[in-house]
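Engineer: Following the hints, put chains R, X and F in place on chain U, whose structure we already have.
4 protein chains.
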Amino acid sequence: MSTNRLETFADGVFAIAATLLILNVDTQIGANAEIGTRLLHIWPSYAGYVVSFLTIGIIWANHHTVMNQIARVDRTFLMLSVLLLMSVAFIPFPTRLVAEHIRDDGARAATVTYGITMTSVAITFNAIWFYAVRGGRLLREDADEATVRGISRTYRPAPLLYLAITLVALVSPPTGAALFGAFALFWLFESSLFGHDRAQA
Amino acid sequence: MSTNRLETFADGVFAIAATLLILNVDTQIGANAEIGTRLLHIWPSYAGYVVSFLTIGIIWANHHTVMNQIARVDRTFLMLSVLLLMSVAFIPFPTRLVAEHIRDDGARAATVTYGITMTSVAITFNAIWFYAVRGGRLLREDADEATVRGISRTYRPAPLLYLAITLVALVSPPTGAALFGAFALFWLFESSLFGHDRAQA
Amino acid sequence: MSTNRLETFADGVFAIAATLLILNVDTQIGANAEIGTRLLHIWPSYAGYVVSFLTIGIIWANHHTVMNQIARVDRTFLMLSVLLLMSVAFIPFPTRLVAEHIRDDGARAATVTYGITMTSVAITFNAIWFYAVRGGRLLREDADEATVRGISRTYRPAPLLYLAITLVALVSPPTGAALFGAFALFWLFESSLFGHDRAQA
Amino acid sequence: MSTNRLETFADGVFAIAATLLILNVDTQIGANAEIGTRLLHIWPSYAGYVVSFLTIGIIWANHHTVMNQIARVDRTFLMLSVLLLMSVAFIPFPTRLVAEHIRDDGARAATVTYGITMTSVAITFNAIWFYAVRGGRLLREDADEATVRGISRTYRPAPLLYLAITLVALVSPPTGAALFGAFALFWLFESSLFGHDRAQA
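Chains as they are written, first to last, in the numbering used here: chain U, 1 to 201; chain R, 1 to 201; chain X, 1 to 201; chain F, 1 to 201.
Do not rely on the hints blindly, as some may be mistaken.
Listed next, the stretches of chain U that the computed footprint assigns to chain R, with coverage defined by at least 3 CB atoms under 8 Å from CB atoms of chain R [to be verified]:
id, region
1, 16 to 22
2, 48 to 60
3, 102 to 115
No wet-lab data here; the hints were simulated from the structure. Think of the CB as a built atom: it goes at the ideal place given N, C-alpha and C, for glycine as much as any other residue.
The shape of chain U in the complex, shown without the other chains (with noise of 0.2 Å):
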């Protein structure tokens, strides 16, 4: 079974995914004359927008990584990965609910919904990748060592750091929601500016 197909869903759902993300804003701004004021006021809602989609844009571009070393998959690896994009396309969800209630009591409920969201896609990116790996079970033949071991060392901390920031968001939610976005932007430039290029060739 080649990769073709499931990277054209997988991409799908990523594509949709982040496009959804506006609609959120869309509910935020409500359907009165004063938009002027109001659109300051849901700065969280810009916030939480740029925040997810640079997080969605982000795992898209590690699996189109993941699958560059893969020859092929099988039923488990097809099975595992609609765990994560179950958990990807879930990622609206909380987002709207962080950016609605950060400044209110439900913030603490709000950040660690999208704490356990997030955590829940780093788990299954990690299966999809270590199901894979393990003793070579779908790599390909030419696959190099050094970059397989390099992409295995930079995903094996994400579960635990996003459940790490959730602990955080369940004692101070604003600290936690910042936390998110400064990890997102972290990703966004580590990848872009210190050489992990060379990683994947």
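Structural biologist: What follows is chains R, X and F alone, placed relative to chain U:
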């Protein structure tokens, strides 16, 4: 006519139908501030999201398996595929009905609607498969006979099974809903754990 | 410029426009508890869903047929395609209007809006086809002349036909609505049962 | 890293952003029965739909042109592309604002938000192009120098032009809105009628 473009269109519908499921969760949460309690209260929305996402993911994977055995498509096959996709794209609607009404008077109507939708997915899926294999009409020259028989054996009982669960839902909506969920999980694990892989190369 | 990327974009728009149709059914059901009665009452929503989904599916299949005869695209062809896709992506809106208003005073406005949309789909579809074939501008070297003539003959009357049904809808909205449905079913069966396949290889 | 998967993802976002525009028209119509009058009253929604759909279609076609000149992508290019797509996916939001408020007190805020969005689309589009061509970094070996210069010359003024229209909108919202529309139509016809085709093979 090659199979490529049908796959692109089908993958698009599968990906969108699955990703739209999150809008149902969104609708349930409402816009009030006590989201902590609310987030726990809407657990049927999460269950519905998971079951329907997995179901669509499995249909997608099975469609993948079917297309791998097919060499070309004709106009009738295209039109039967449109009917399948029409049924799949309908899934978000009964999913929301079940999530919203499983705990009130509407449970019977909701689960029966879900069951009718799933039955019609199973019927149209069988239609494309048996149209393609009858007399080897659209099969690849080198299609493996054992694989083809394996697929036929696996898909044939699905419409009756979904119809049976629908009848169960008519008597006891919660039991029906639980069976739809169990059935999705069964397909997920069966194919991964019990060697279904052999049957599809 | 090759035809690949146009097909990906077009298939995306077709798939999304078709899948969004379910949101119209969703809107109709409302959020009250007597969903048993309500589910029966909104039958025009199901009819609208089926007719518009089939219509988009048929346009997709025909687009497929057209692209098979074309060797390359130029900028004008791309822009005409954007106009076609703009008309197709509009379909969910009049579909909802008809489903919602076919039984009240808005029936005339709703069905006429549906008709204008379908007429403009037919006009832009003809525009891309006749732009491509005039003087063999974008046709494949090996395009079969009989096939090309067959396609021209089939598509040419569509704008006038849809315009005629629109005029019928102006006089009798229910008759117009029924004719739009009958027309979609006709295309579905005609191509499958009466040998249209021969005309497109 | 090849350009294929970026194109699939980008085409997905373009297609979804364009198709979601219809939801804005849907929101405007409301659910009352005098839809005849209402359908005429919401003409700015249709105008907004047309202008933004054309704009996204033109961005898609231009992205196509750019990718044709590029041999490979690196991580920085992917991240810049995510920023471009983030701006494009934002378009439905200001489109709705303009359609809804062009005739009330919110016209200034709405058109300026539209202008900022378009300016940021133009900036990120320039970023991916000039990142790719600087020192021939990602260009194809056989990229035609005249074509590359032609593209650079065409895209470079766009950010300033959109910024200028945004400033006009600050003074006179209706004039700004009209200019956004005129600009989209200009691009549509310019490329089709005045031989822009030569510039891109």
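Engineer: Taking a Cβ-to-Cβ distance below 8 Å as contact, does the region 102 to 115 of chain U have at least three residues touching chain R?
Structural biologist: The restraint on the region 102 to 115 of chain U holds, since 7 of its residues have a Cβ under 8 Å from chain R and three suffice.
Engineer: Taking 8 Å as the Cβ threshold, is the statement that the region 48 to 60 of chain U is covered by chain R upheld or broken by the three-residue rule?
Structural biologist: violated (count 0)
Engineer: Verify the coverage statement for the region 16 to 22 of chain U against chain R, using a C-beta to C-beta distance below 8 Å and requiring 3 or more qualifying residues.
Structural biologist: holds (count 3)
Violated hint: 2 only; the structure is consistent with all others.
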